[in-house]
Structure formats: C-alpha cells, structure tokens
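Could you build all of it, start to finish, from the sequences and the hints given here?
Note that the protein sequences, when read in sequence, are chains A and B.
Read in UniProt numbering, the first sequence has 110 at position 110, and its numbers run on one by one without any break.
Read in UniProt numbering, the second sequence has 167 at position 167, and its numbers run on one by one without any break.
Since the hints were derived computationally from the structure, they do not count as laboratory data.
One thing to keep in mind: the hints can contain errors.
[To be verified] DSSO-like mimics (lysine-lysine), calculated; alpha carbons at most 30 angstroms apart, straight line:
| id | chain 1 | residue 1 | chain 2 | residue 2 |
| --- | --- | --- | --- | --- |
| 1 | B | LYS122 | A | LYS55 |
| 2 | A | LYS12 | B | LYS174 |
| 3 | B | LYS162 | B | LYS10 |
[Stated by the list, open to error] Here are a few chain A residues that sit away from chain B, every Cβ distance over 10 angstroms (derived from the structure):
| id | residue |
| --- | --- |
| 4 | ASP45 |
| 5 | PRO46 |
| 6 | LEU68 |
| 7 | VAL98 |
| 8 | MET106 |
| 9 | ASP116 |
Bear in mind that the values here come from a model prediction, so they are computed numbers and not experimental data.
Just so you know, even glycine gets a beta-carbon here, dropped at the ideal spot from N, CA and C.
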Amino acid sequence: MVGIVLVSHTPKIAEGTLELIKQMTGEKVIMEIAAGTCDNRLGTDPVLIGEKIRKADTGDGVIVIVDLGSSIMSTEVAIESLEEPTRSRAAIADAPFVEGAIAAAMEASFGKGLQDVKMPPKTRGV
Amino acid sequence: MATDTAGLVKILEAVAGKISENREFLTELDSAIGDADHGINMSKGFSAVLEKLHSQKIDDCGTILKTVGMTLVSTVGGASGPLYGTAFMKAGQAVAGKSSLDFEDFVTILDQALEGIKYRGKAQRGDKTIIDALEPAVEILRKEKDCTDKKAAMDKALNAAKEGVEYTRSIIAKKGRASYLGERSIGHQDPGATSCYLMLQAAIEKIKEMSGKGC
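Listed below in structure tokens is the structure:
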C-alpha cells in the first residue's frame with residue numbers, strides 16, 4: 001500500500017486532518033505526520049520528514065502532502081537525501097492539504113498505485 | 001588573499017555573530033511582511049552551526065561548508081533553512097577537498113550559493129527574496145574575478161547587495177509568506193535579502209581583516 005506523510009507547520013493541522021481521514025478509512029491506511037520543528041516551533045524539519053517517509057514506505061512508495069511555504073522545500077531536501085529505492089518512489093502531491101490528504105488516503109486504501117494516489121480524481125478536477 | 005580551514009571557521013563565526021546581533025532586527029522586518037520568525041530561526045540555525053564546528057576539527061573547506069548547510073537545513077525550521085542550507089551545501093561541493101581558499105574560490109562559493117538558492121526556491125530577481133541581494137553581488141564578483149584590487153571588488157559587491165536590499169522595498173513579494181500580502185508588501189525591505197546582505201558583510205569584513213595589507 002502507498003504510504004502517506006502529512007507535512008505541516010504545526011502538528012495540529014496534520015493531526016486534525018488525520019482525524020478526518022480515519023473517520024473514512026479507519027486504521028487501514030499508512031499515515032505518518034512530520035509537523036513542526038524538533039524544538040516545537042512552527043515550521044518544518046527535513047530530517048523528521050525523511051524519517052517519516054522511510055517509515056511510511058513499505059515498498060509501494062510514499063506520497064507527501066504539504067501545507068505551505070517551507071514544507072515544500074523541506075520535503076524536497078528530505079527526498080533528495082533519502083537512499084534508493086525509497087528516494088525514487090517518494091513524491092510530493094500538488095494538492096490542497098486537507099482535501100488532497102483525504103483523496104490520497106482514499107486512493108491508497110483502495111490499493112491504487114503511486115500515480116493515482118499522487119493525483120487522485122478529486123484533485124484532478126474530475 | 002588566502003585562508004585555511006581555521007580562517008574559514010573564523011569567517012563563519014563572524015557570520016554567525018552578525019546574525020545573532022541582528023536577531024531582533026530581522027524578526028522585526030519579518031513581522032511586517034512574513035511570519036515574524038526570520039531572526040529567531042536564523043540565529044537558532046547559526047548557534048547550532050557554531051556548536052557543530054566547535055565540536056570537531058574538519059580539515060577540508062568543502063566539508064566545513066557542507067556541515068554548515070546540513071546543520072542549517074535541520075535546525076532553522078523556516079524556508080531559510082532549505083534555502084541557505086542548500087546554498088552552503090552547493091558551495092561546499094564546489095570546493096570539496098580544498099584545505100585553503102583563495103579569492104577565486106570565494107567567488108565560486110558565492111556563485112554556487114546563488115545557484116543553490118535558485119534551484120531550491122525557484123525564485124528569480126525581482127521576486128523580493130535573497131536573490132535580490134545575492135545576485136548583484138555575484139555578478140560583480142564574476143566580472144572582477146581576475147582583478148588586482150580584490151578588496152575594492154568585494155566592497156563593490158557588498159554595495160551592490162546593499163542596493164539590492166533597498167530595491168526590495170519597491171517591489172511586490174512573489175515568494176514566501178509575504179507573497180500573500182500582494183501590494184501591501186511594497187514599502188518593506190525583504191528579511192531574506194537583508195540577512196543575506198548581513199552575512200556577506202560579516203564575511204567580507206572578516207576576510208579583509210584577516211588578509212591585512214598583504215592583499
């Protein structure tokens with residue numbers, strides 16, 4: 001199953017989103033959160049993001065859902081510093097945070113592959 | 001004009017000191033058009049850098065710069081972490097294996113830092129970012145790479161960076177949190193361009209001080 005990592009500036013954003021997702025998918029999906037800095041400030045931490053991507057990768061790849069600003073750049077840094085094969089099967093979704101996360105989680109729970117989870121129908125405008 | 005690894009560490013200490021001195025100033029600038037954390041984030045990052053550099057002796061200038069980059073990436077927290085982090089890592093790659101640096105290396109370092117920031121942030125000149133200060137300085141240094149008066153070239157580059165910071169007051173932010181302000185970002189100088197200028201200023205002052213009259 002494709003894993004999903006939620007990257008946000010504060011854990012509250014990701015935790016709230018995860019709560020919404022679990023309402024629909026239960027515990028079926030592989031979801032990790034990388035939010036805030038290592039000393040609990042608002043922001044993102046590439047080291048933490050990298051760890052969570054590794055953890056969420058069970059062989060089918062990982063989609064990262066990002067909130068804004070530094071979360072994108074921090075995730076790019078994290079992915080670039082990952083080892084193969086995780087590195088080439090980790091991707092950032094170009095989607096709004098809450099809706100993108102829910103849509104991706106649904107696709108993943110259906111057993112869809114990386115491309116479908118990265119661009120679920122809901123965010124493709126279908 | 002050349003510096004060994006100890007000299008490079010001194011330059012980086014001066015940069016860290018400058019950031020720490022301007023912590024409140026940078027945060028104040030960022031509170032006008034951003035998320036009010038630039039000074040805090042940068043000084044957190046650079047105190048971690050100092051700790052890292054003082055805890056081990058590295059005998060390769062490239063590895064020193066790479067260590068600075070990796071430390072910034074993992075400790076800053078805001079967008080300036082990946083941006084300045086990538087800048088230092090890219091600069092480190094360009095001088096990998098060198099135990100001393102000359103003026104040409106200094107130009108290469110800044111040139112590669114600029115490339116790193118452009119690659120990571122996908123911004124260009126006029127977007128009200130670090131690039132508005134760094135690119136004008138790098139352009140001058142590229143032109144003056146073979147000049148005889150290196151101190152004058154560095155002063156000229158620093159002045160161009162300063163003018164770049166001033167220029168950011170007149171333009172709309174296209175990147176980062178400030179971009180959500182649109183036209184209301186006009187009239188405020190960019191915190192990133194400012195921290196970049198301050199870092200350049202500290203580095204150049206230190207290089208001039210260390211090279212004394214032997215330049």
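Hint by hint, here is what the structure shows:
1. The straight-line distance between the Cα atoms of B:LYS122 and A:LYS55 is roughly 29 angstroms, inside the 30 angstroms bound, and the hint therefore holds.
2. Taken as a hint, the A:LYS12 and B:LYS174 pair is honoured in the structure, with Cα atoms around 27 angstroms apart against an allowance of 30 angstroms.
3. With a CA separation close to 23 angstroms, the supplied pair B:LYS162 and B:LYS10 stays within the 30 angstroms bound.
4. Taking the minimum C-beta to C-beta distance to chain B, about 7 angstroms, the non-interface status of A:ASP45 is violated against the 10 angstroms cut.
5. With 10 angstroms as the threshold on Cβ separation, the claim that A:PRO46 sits away from chain B is violated: the shortest Cβ distance comes to roughly 5 angstroms.
6. A Cβ of chain B approaches the Cβ of A:LEU68 within 10 angstroms, the least distance being about 8 angstroms, so the stated non-interface status is violated.
7. No Cβ of chain B comes within 10 angstroms of the Cβ of A:VAL98; the nearest lies about 18 angstroms off, and the non-interface call holds.
8. Under the 10 angstroms C-beta cut-off, the non-interface status given to A:MET106 relative to chain B holds; the minimum distance is some 30 angstroms.
9. Residue placement check: A:ASP116 keeps its beta carbon more than 10 angstroms from all beta carbons of chain B (closest about 27 angstroms).
Hint check: violations occur at hints 4, 5 and 6; the rest are consistent with the structure.
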